Every structure is written in structure tokens, then in C-alpha cells.
Amino acid sequence: MSTSTASSSTGHVPHVDTVGNAGATPDHEQPWLELGLKEDEYQRIRDILDRRPTSAELAMYSVMWSEHCSYKSSKVHFKHFADNTTEEMREKLLVGIGENAGVVDIGDGWAVTFKVESHNHPSYVEPYQGAATGVGGIVRDIMSMGARPIAVMDPLRFGNLNHPDTQRVLPGVVAGVGGYGNCLGLPNIGGEVVFDDCYQGNPLVNALCVGAMRREDIHLAKASGAGNKVILFGAKTGGDGIGGVSVLASETFEEGGPAKRPAVQVGDPFAEKVLIECCLDLYKAKVVDGIQDLGGAGLSCATSELASNGDGGMQVELDLVPLRDASLRPEEILMSESQERMMAVVEPAKLDEFMEICRRWDVEATVIGEVTEGDHLVITWHGEVIVDVPPRSVAHDGPVYHRPLERPAYLDSLQENATGSLAKPTTGDELKADLLTLLASPNLCDKSWVTDQYDRYVLGNTALAMPDDSGVVRVDEETGRGVAVSTDCNGRFAKLDPYAGAQLALAEAYRNVATVGATPLAITDCLNFGSPEDTGVMWQFEQAVMGIAEGCRELGVPVTGGNVSFYNQTGDVAIHPTPVIGVLGVMDDVARRTPSGWKTPGQVIYLLGTTRDELDGGEWAHVRHGHLGGRPPKVDLAAERLLGEILVNASRDGLVDAAHDLSDGGLAVALAEATMRNGVGARVWLDAVCERDGIDAFTALFSESTARVVVAVPRSEEVRFTDMCTARGQVHARIGVVDDQTDGIDVQGQFAVTLDELREAHTRTLPAVFGE
Amino acid sequence: MKVGVVTFPGSLDDRDAARAVRAVGGEPVSLWHGDADLRGVDAVILPGGFSYGDYLRCGAIARFAPVMDQLVPAAKGGLPVLGICNGFQVLTESHLLPGALIRNDHRKFNCVDTRLRVENAQTAWTSDFEQGQEITIVLKNGEGGFVADERTLDELEGEGRVVFRYVVPEGGRNPNGSYRHIAGITNERGNVVGLMPHPEHCVEEGYGPSLDGLPFFTSILKQVVNA
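Protein sequences appear in the order of chains A and B.
Mapping of the first sequence onto full-length UniProt numbering: residues 1 to 772, in sequence order.
Mapping of the second sequence onto full-length UniProt numbering: residues 1 to 227, in sequence order.
Just to be clear, a hint being listed does not mean it is correct.
What the hints assert, rightly or not - In the SDA-like style, the derived pairs of lysine to any residue whose C-alpha atoms are separated by at most 20 Å in a straight line are:
#1 Lys599(A) / Glu205(B)
#2 Lys108(B) / Lys599(A)
#3 Lys599(A) / Ser210(B)
Quick caveat, the hints were computed from the structure, so don't treat them as lab data.
Model, not experiment: these values are computed from the prediction.
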């Protein structure tokens with residue numbers, strides 16, 4: 001063992017920096033800066049402890065007070081969520097923001113938990129493992145609520161499709177999502193694949209998981225009851241995922257020791273699959289008092305959060321942690337983000353049964369400590385105290401910043417630069433050409449090159465998956481009760497107006513859930529933004545949070561939790577603000593879900609909602625002119641709520657056989673997708689809509705006005721359907737008929753496009769870049 | 001009728017296989033990899049998944065599970081066994097079926113609804129199909145390319161032991177590069193069948209692309225009742 005090197009002028013620091021030693025060497029210099037702490041933050045730690053922190057304590061505070069773990073820049077804005085949560089919204093929540101994931105009541109005694117998280121930066125460094133461990137992390141969050149994970153979804157955003165680096169990032173990310181999720185046996189039922197130059201140096205890899213449990217089986221992350229055992233179980237702890245702490249370890253100890261491992265974690269989906277089954281057996285046996293997964297900040301997070309949420313203290317013998325690498329220092333063990341690990345709090349009387357269940361699954365489980373009477377988290381290393389802290393000060397009382405914010409100066413000129421002056425197609429042939437160009441464009445093209453790499457069938461409960469409007473899975477096999485989930489965000493809209501953009505993301509996800517016939521119940525969000533130290537980014541962030549919070553209030557759906565990801569930028573250039581919204585809805589029988597494609601000839605196609613001249617920020621301007629400017633489409637949440645009710649009622653009463661949301665690319669793209677889904681054609685006429693809404697055919701086809709869907713109505717139900725729309729004040733227009741004699745789509749008076757032409761344009765794009 | 005469904009660590013479609021057995025009125029019996037006990041079942045399904053993480057080679061570790069010590073001799077003695085996807089891989093690793101399954105020729109995991117042609121409607125698991133019938137079954141695998149040497153392939157074809165073939169247009173490619181478009185095969189007695197596609201995902205209206213998986217399970221039901 002080499003001797004200490006950083007102790008020359010300030011006294012000798014022994015090989016393990018104990019609490020006693022910290023008290024005796026107050027002036028010992030510590031690498032707080034290298035660990036990402038600010039000077040005042042370091043001073044605050046000294047004030048809390050009334051001495052300097054030990055190196056282990058410093059490591060814990062530095063990771064737990066990082067932006068990722070402490071939400072120090074975003075926290076002050078979360079008051080908007082609380083301020084906008086009404087009693088109606090609260091009633092649906094069984095567990096709200098702050099736990100590993102929120103839980104909602106879906107009826108019949110069932111509870112569902114869901115959450116979306118980001119794994120952006122690791123996925124850029126190492127696409128496969130970054131994406132894989134992103135899936136693994138969110139699945140453990142869901143498991144730690146007591147639920148069986150039942151589905152995953154992955155909203156993904158990449159740079160330019162034709163950029164060489166996209167060739168590196170996208171296939172790796174997709175293979176990582178599939179490689180991990182497929183091996184866990186979780187159906188991947190949806191998500192997004194979006195391309196925009198702004199994500200070139202900073203792709204977004206968000207991962208969502210849904211889990212289900214009986215209401216009484218909800219588990220929480222808390223360590224209570226003195227004498228209860230603290231158990232670490234799952235994979236051994238290794239040196240992966242150690243970030244800044246390696247700075248500390250290498251500066252303070254063992255110069256010339258083993259090289260520090262990369263900061264990206266490596267996943268083992270088989271270990272996680274076994275861990276899932278093991279946890280579910282543990283829950284079934286009712287031997288778990290409190291549980292927490294180990295994700296970001298590893299043991300530092302799990303021990304401090306469990307202790308902080310409980311009613312006592314906690315004592316941990318760190319040298320009992322099973323290691324993959326015996327040379328790891330205590331600081332590294334505390335920080336390691338090795339995957340596939342969980343921590344449980346178990347009553348002594350139930351310990352034997354707990355261990356027996358772990359043995360059955362070949363899961364290693366080790367008692368590493370216990371809950372104590374006191375109020376401190378005490379961690380020892382071979383008998384010496386190296387951590388002695390109030391756990392709350394680590395887990396919850398981190399710094400809170402009121403970052404300065406200011407509306408960016410560029411916004412005025414950006415908003416003035418609208419699409420009005422762009423050259424637009426006028427003839428039928430030009431409209432047709434634009435439709436085919438849009439269908440072949442990276443954001444609208446067929447994504448099966450990606451989604452076919454995911455297992456959407458495993459567990460046997462998938463009722464809908466991509467490319468339908470929402471993923472739908474059955475929860476209760478007896479009754480068919482189940483959930484629908486959709487994630488959405490148009491970053492271009494959010495760039496033009498972050499408040500409206502966030503609400504448009506919310507509105508689209510809400511609409512997608514209602515389109516399949518589910519009643520929207522709750523949301524989760526993944527707020528991907530640039531640097532919080534940029535006043536313009538911080539302004540975007542606040543606008544987006546307010547937009548979501550106030551939008552949720554208007555729609556009556558609570559925010560259950562989510563994740564903030566800052567520092568998504570390359571140099572000084574931030575990504576478009578990208579607040580991804582996931583909406584979860586419930587259906588009492590998912591067999592009644594409404595698919596997106598029509599198939600029965602003779603059914604009548606209705607367009608619900610009003611079309612305005614709203615092309616700014618839309619896909620047509622982006623693809624045809626590379627244009628971004630103006631103001632995004634108008635948000636009308638009252639119209640979304642009414643439309644949602646119409647769609648849910650229509651599904652329940654069997655009034656519609658197909659429904660498809662209008663969003664990117666407008667009516668033209670929606671008609672093409674609904675036609676291609678089953679290869680059944682349609683005749684369409686636009687005159688009535690154009691006349692009613694005062695628009696031309698181009699606007700009718702490509703505008704991205706919100707609160708609109710197309711539905712296919714059986715002739716026998718047409719009167720009931722239109723009566724319902726009229727009675728409720730839902731704007732509706734009869735715009736076509738499903739027709740198997742028409743090859744593709746015949747837009748009367750404008751153009752006809754065959755199914756082959758549509759599919760040729762739609763399906764070639766990704767295989768041309770990434771191979772068949 | 002009792003149909004055992006084996007759960008290895010990493011099995012994924014075991015619950016789906018049990019559901020399929022129930023769908024035709026059979027009684028699924030869970031068999032644990034670590035127990036050398038077939039619990040008196042009339043037939044066994046080795047389900048899909050990634051047994052033991054598919055580490056080393058798909059199915060290579062599962063072959064040595066205690067339950068296989070009982071299953072291999074029972075299968076040789078005529079016990080009907082169906083291996084689906086990873087289960088097929090376990091069967092070839094156990095030498096209950098010839099050939100091997102290798103990485104898809106396009107090197108990607110692939111989840112698609114595939115068309116299959118029933119080439120042998122006389123096995124324990126396919127008697128409720130018509131010879132030559134075309135069916136739609138879910139396929140999802142990363143290592144589903146069936147390979148064997150020419151002599152084995154000729155033997156399989158000559159003895160009618162190719163049970164399913166991917167329906168591929170003249171000169172086209174099948175979904176994973178399988179030799180001679182083979183999707184499933186049987187042993188000489190016709191009691192052991194292995195295939196890459198997943199019939200257990202095609203047994204319930206609304207939860208899969210077809211109901212074409214049901215005849216697998218009704219076939220075995222009749223076989224056992226008549227035996």
C-alpha cells in the first residue's frame with residue numbers, strides 16, 4: 001500500500017480518512033472542486049457536520065448534491081406542479097412526486113406505476129451500454145415500488161440522419177434498448193424516433209417503464225424499525241460508473257494504483273431479469289419492509305434516502321459489501337453505479353425466508369447493516385467510522401439555486417420569421433409530391449427498422465404497439481382492464497415557445513391515449529434541456545414547467561414524477577428544449593382499443609376538430625424548406641378534453657373502428673398512415689372542410705392544428721356518432737370513405753396516390769442508411 | 001391433460017406458454033430448472049427467453065439443468081416435447097434435435113409476424129394443421145438461423161422431418177438466414193418438435209397477429225387423450 005500523498009503541510013492523513021481523523025485535521029485540503037462542488041457548497045457541508053467531511057462523506061455529498069441527484073437548479077420550479085394540483089387530481093394519486101415512481105389507482109384494486117428517465121450523456125459516450133443501462137435503471141425504479149414491470153417505451157432523439165456519427169449512435173442505442181429490454185422479457189410498446197441537427201452532439205435517450213401491482217402491495221423506500229436488517233442484494237459491486245469520485249480516490253490514495261474504470265456502467269440484463277423475479281417472490285412472501293434500487297450515486301443514494309425517509313438512523317458496515325474488485329476503496333464502493341443491485345430493509349424474524357428466496361434465484365444477498373435508534377447514518381470500514389452524517393442533509397437538504405433566467409433575445413426575430421412567405425404547393429401534383437417527400441423524411445418515415453428490434457409480444461398482454469397511437473397492455477387477465485401509454489414532444493414547437501411547446505407535447509400524448517379509447521389518468525415527464533447556467537435555457541425551463549403544470553390542471557391529470565436532464569448541449573449551443581411527456585390512460589377492457597388503421601370498406605371517415613393555417617414549426621416547413629420560425633399551433637386544452645371524451649365514449653359504445661391522431665405532417669400524413677396500416681384505401685374530399693374553416697387544400701392537408709383526429713365509423717353507427725358529436729359540440733366533418741376499390745388514397749379534385757407509391761416512399765429511408 | 005412448462009433462470013415466455021395450454025383446456029404445470037422432476041406431466045414445453053442469459057451459447061447452459069436429466073430420456077422414450085425459440089436452441093444443444101441456431105444473417109434481433117408453411121402435419125404438435133397450410137406466427141429472435149450440414153439437411157427433408165418452413169417469395173430471403181428456409185423440425189418419432197417462431201403468442205384474439213398458434217396446443221391435447 002502506498003503512503004498518503006496529500007498530507008504534506010496539513011498533517012498526516014492515514015490510509016482511511018476516519019471521522020476522528022477529520023476532526024483532528026480540520027485544515028486538510030480536500031478536492032471538492034474536482035468533485036463538482038462549489039466553494040459555498042463545501043462550506044455548507046462543513047457547517048452541517050461542524051467539522052470537515054471525511055473523504056467518504058465528501059464523496060457522498062458531492063454525488064448526492066450533483067444536479068442529477070439533487071435537482072438543485074430545477075427544484076424551485078417544481079412548486080408550479082404542487083400549486084396546480086387540485087383535489088380531483090390528487091384523488092387519482094396513490095403515491096406522488098418524490099418516491100422512486102408515482103403510483104395511480106386504475107380501479108378494481110389495481111395500481112399502476114410509471115416513470116420516464118433520461119440516459120442521454122452515457123448513451124452518447126457508449127451508445128449500447130448507455131441505452132441498455134437506461135432501460136435497466138428505470139425498470140428497477142418501477143420494481144422498487146412493489147410492482148411487476150409490464151412494459152417499456154423509449155423516446156429517442158438523434159442528430160441528422162445522414163451524419164456519420166448518427167451511424168455510430170443510433171444502431172448502438174437501438175441495439176442496447178433491445179438487447180436489455182428483450183432479455184428482461186418486457187414488451188417495448190412505443191416511444192419515438194426523432195431526428196434533428198440540434199441533437200447531433202447530444203442525443204436524447206429517454207426510457208419509460210410501466211409496472212402493475214395490487215393496491216396493497218405498494219412498497220416504499222424507507223428504513224424504519226430499529227434492529228431491522230439492511231440487505232444489499234443482486235450483483236456484486238464493481239468499479240463501473242464511478243464518476244468524479246475517482247478524482248478523489250486518485251488524488252488522495254494510492255498513486256500508481258489500478259487505472260480507474262470508465263464512467264459508463266455496464267449492464268447484465270440476465271442478472272436484472274432474475275432480480276425482478278426474486279423481488280416479486282420477496283414481495284409475495286411479504287418479507288420486505290422497505291426497498292430502494294441502486295441507480296445514480298449507488299450506495300450513497302440508497303443508504304441516505306432509505307435512512308432519511310425512515311424514522312431512525314442506520315448503521316452500515318461497508319466492508320461487508322460483496323465486491324467484483326477487491327481493490328476498491330470505500331469512497332469508490334459508496335459511489336459505484338454497478339447495475340442490477342437493490343437494497344431492502346427486513347425484519348429479523350423474516351430474514352431467513354428472505355435469504356431462502358434469494359438463494360432459489362441464485363441472487364447474492366448480504367446483510368450489511370441495520371436500522372438504529374439514532375438519527376445518523378453511520379458507515380464503518382473495518383471497524384472505523386468513516387461516515388457519520390444526518391441522512392437528510394445528504395439526501396434531501398442539498399443546495400437550492402434560484403438561477404437567473406431571461407427570455408432569450410433571439411426569440412422575437414425567430415417568432416417573426418413565420419412560414420407565410422414560403423413557397424407552397426398549389427397543384428394536385430405538387431401536393432402529392434410534398435406528401436411523398438414528407439412520408440420519406442426522417443421524422444415521418446416508417447420506423448420498423450428500429451421497432452422490429454424490440455420484442456413487443458412477450459408477456460402476451462400487448463393489445464397495441466407502435467406504430468399505433470399508443471401502446472396498450474392488459475393488466476388484469478380476467479377482466480381485460482389495462483393501460484395505454486404514449487410519449488410525445490415536438491422540440492421545434494418548444495424552441496419557438498417553450499410554454500406552448502410543453503403544452504403541445506402534453507396535448508399530443510393526451511390525445512394519443514384517448515385516440516385508442518383510454519381515459520387519460522396521469523403524466524410523467526422527462527425534461528431535457530441545455531445548461532441551467534444559461535439564463536435563456538433557465539427561462540425555457542421555467543416556461544415549460546409552468547406550461548405542463550397549468551396544462552395538467554386544465555386537463556385534470558396529475559404529474560406523478562419524472563426526471564430533469566440539464567447540460568444537453570454542445571459547446572454553447574443547447575438542444576431545443578425537449579420536455580417529453582408520457583401520458584397514461586386506463587381502459588376497463590383493452591380488447592375494445594381502437595387501432596389506427598382502417599380496414600372495413602364502406603366505413604365513413606370523419607375529421608374531428610378545426611383546421612387553421614398553422615404551419616409554423618411543423619414538419620412541412622422543416623422538410624420542404626428547412627425552416628424553423630413563427631409561432632407553434634394554438635393550444636386548446638378544453639378542445640382536447642372534449643375530443644378525448646368523445647373518443648373514449650365512441651370506443652366504449654363501439655361507434656368507431658379506427659382512429660388516428662393528427663400531428664406531425666397533418667391530415668395528409670395521418671390519412672397515409674391509416675391507409676398503409678392494413679393496405680386498405682380511401683376516397684377523401686376536402687371541399688367541405690376548406691369551406692367551413694376558410695382554408696385551402698394545402699392547409700387542410702399539412703397544417704398541424706391541434707385537437708384533431710380522423711376516425712372510421714361503421715355506417716350502422718353513423719347517426720349515433722354524429723348525434724353524439726353534435727350534442728357535445730364536437731366539430732366534425734365527413735371527409736371520406738374507406739374503399740378497397742381505391743388503390744391508396746384518392747383526394748378528389750387534387751391527386752391520387754397508390755399504396756405502392758406510399759409504401760415505397762415511407763419504408764425505404766432507414767434501411768437505406770442503416771442496411772436491411 | 002398436464003403440460004409441463006419449464007422455467008430456467010432467464011426464461012421469458014413461460015407464462016405465455018402456460019396461458020396457451022389453458023386456452024385449449026389443458027392444465028399447465030410449472031417445472032423448475034433445478035428440480036430433476038417432471039411431476040408426472042403428459043407433455044413438456046421448453047419456452048422462449050434467454051436461459052442463463054444465453055451466455056456462452058444459446059441453450060448451452062440450460063442443457064445441463066437438473067430438469068433436463070429427466071427430460072432427455074423421457075423425450076427419447078416418446079414424451080411429447082415442444083421447444084419454442086430458446087427452447088428449440090435447448091433441444092439442439094441437448095441433441096434431441098439435429099442442427100444448430102446461429103446469429104441472424106442480418107445481425108439484428110428481429111420481431112415480425114411471419115408466414116409459415118406446415119410441411120408435416122403428423123407430429124404430436126401439428127396434427128390439427130392441414131399439410132401445406134400457411135399460417136401467421138410471431139417470430140422474435142437474435143439467433144434464429146437454422147444451420148446443419150448438407151447430409152443432415154437432406155436427411156431431414158427425406159424423412160419429412162422439416163415441420164415448418166418460412167414462406168418466402170422465389171429467390172427471396174427468410175427472416176434469419178435459416179438454411180432451406182427451415183423454421184422448425186422434428187425428431188424421428190415426431191414427438192419432439194422445435195421451432196423458432198412463437199405459437200404461444202398467437203392464441204388469443206386481440207393479443208397477437210392471429211390464432212394460428214392454437215392448433216399446436218389442441219394437437220397435443222388430442223394426442224394425449226388418445227394415447
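For each hint, the structure was consulted:
1. Between the alpha carbons of Lys599(A) and Glu205(B) the distance comes to roughly 17 Å, so the proposed pair stays at or under 20 Å and holds.
2. A hinted pair counts as satisfied when its Cα atoms are at most 20 Å apart, and Lys108(B) with Lys599(A) does not qualify at roughly 31 Å.
3. Annotation: proposed proximity of Lys599(A) to Ser210(B) holds, straight-line Cα distance about 16 Å (limit 20 Å).
The structure is inconsistent with hint 2 alone, although it conforms to all the rest.
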